[in-house]
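Undergrad: Start from the sequences, fold in the hints, and give me the full structure.
Read in order, the letters of the sequence shown are residues 3 to 488 in this note's numbering.
For the record, the hints were derived by calculation from the structure and aren't laboratory data.
Per label pair, the in silico range of CB-to-CB distance:
hint : residue 1 : residue 2 : range
1    : A96       : P201      : 32 to 42 Å
2    : L200      : A433      : 46 to 56 Å
3    : D423      : R177      : 36 to 46 Å
4    : R486      : A358      : 35 to 45 Å
5    : L43       : Q80       : 22 to 32 Å
6    : A225      : T432      : 54 to 64 Å
7    : G233      : A30       : 25 to 35 Å
8    : Q80       : A358      : 27 to 37 Å
9    : S413      : Q131      : 20 to 30 Å
10   : S25       : A241      : 39 to 49 Å
C-beta: ideal position from N, C-alpha, C; glycine also.
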Amino acid sequence: MATSPAVVVRPAIGLDRHWSVSSTSAAAVGWLLLATVLQLLRSPGVPAWRAVFGEDGGIFLTDSVAHNTIGTIGTPYQGYLQVAPRLVSAAAAALPVDAAAVVLAGIPAAVVAALSLYVFHASAAVFRQRASRAALAVLIVALPVGYDINASATNLHWYLDFACCWVFLTPRRDRMVIAECLVVGLAALSDPLVALALPLAISQLVRPRRGHMLGGAADRAAARRSRVVVGVFAIALAAQAAVVLFRQAPSPFVRLDASQLPEIYGLRVAGSLLVGDRFLPHLVQAVGSAAVAVVAGVAVLALLLATARYGTARYDSARPDSPRRARLLVLGGLSLAWLVVPLVLRGTATLLDTPAPPLPGSRYIVNPLLWLAGALLLAVESSPARGRGRRPSAQTPAFLLGLVLVVGLLSSYRLPAQRSDGPVWSDSLTAARAVCFATGDRPAQQGRSAESPWGRAAGPGDVLIPVAPNAPQPRWSVTMPCVRLH
3 MATSPAVVVR PAIGLDRHWS VSSTSAAAVG WLLLATVLQL LRSPGVPAWR AVFGEDGGIF
63 LTDSVAHNTI GTIGTPYQGY LQVAPRLVSA AAAALPVDAA AVVLAGIPAA VVAALSLYVF
123 HASAAVFRQR ASRAALAVLI VALPVGYDIN ASATNLHWYL DFACCWVFLT PRRDRMVIAE
183 CLVVGLAALS DPLVALALPL AISQLVRPRR GHMLGGAADR AAARRSRVVV GVFAIALAAQ
243 AAVVLFRQAP SPFVRLDASQ LPEIYGLRVA GSLLVGDRFL PHLVQAVGSA AVAVVAGVAV
303 LALLLATARY GTARYDSARP DSPRRARLLV LGGLSLAWLV VPLVLRGTAT LLDTPAPPLP
363 GSRYIVNPLL WLAGALLLAV ESSPARGRGR RPSAQTPAFL LGLVLVVGLL SSYRLPAQRS
423 DGPVWSDSLT AARAVCFATG DRPAQQGRSA ESPWGRAAGP GDVLIPVAPN APQPRWSVTM
483 PCVRLH
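TA: Encoded structure:
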């Protein structure tokens, strides 16, 4: 008789656990599908999955078609390794050419969706509230900027950079080690700028062990997992550094004016986050870019300073015991670093040119904006000290920030993009097949797939297939052998 309650309760517990795991898995799959579709449907005009983006086709698909996968993976572009887009283009080259547009947009969109799901789980190390983590995950796939970043293999590394930093902000979990090794390795092999995550990686190795957190055996196991992930990151980053240092280092391709960096941050990072790129040009025309930058910067600073009343968060076994303000400094510092360092290398010209959407250089705004959003979400979280008895006014900053983010995301979701004007990939293929048929697969075309020195010249039997953006010369094109079009 004494054991009968256990017999009844145990299956119920097992059923509840199974239901919880099943519902969580279903929610994750649902989010992955929704997030992928949201990215593919974002561009007005020609949708992303019907047009090939410039470098996706002109550089990476062209190289994958001309060489086998192994021959292109280690080929630098613009002075550094870009393994992620080369893997995507290799998949596109292995399939019929008619599917290239879908593959080159669909795989990056799916990868970004998966990275947003990872950040949702990893950010539990920083945020107390699930709403904050969800907001950050939504921002990743529906940024209020996105002219040249959405569903693009070429720009996939920006999202990998962001997720890579979160790997080193998160305590090691056994079931996530393989995925985290994949993220940090692919990020380091696709962008040398991910070296900005190196201090975070080192901190995981030198951080004092906290036996009271995990216990001796668990603590040692977590330390081993950290060494594995950091080791993969270090090896991949060393390979990237070898290419940058000994082959052809990247150099600025527009003018650098360091005095513009504060205004760029206030206007393009804080302004785009709080207003969205659709409304930002109208504000600039009304009051000037400097005024918008100052107002946006002050608004952000006011929200961040509001955390002073919260004090430090108490230790919780599910979260790091670092003070809340220290975490805030890390997120804010990453936001500044991810703007300043890339722009010092790239240059600042055109970033303050905001006559109308789409705004130029939005890829350089993605990481600073996401880290700033993380800092603001952390700043407005309710104090744990207030507990259930906190006054409704304590939720006002969180409500206002949520309202601002929703308005910015909805207003800027359908921004014009570089693929909006086509050309449609299927139409370009039809025209290329007609050229090949008319010339007996020996078209005498002059030109390259991209501006020298990166583009591949059309040779005997090759046809140039124009891709987006539909702009004046030099055009981005895919250099394709006619035999691949039959």
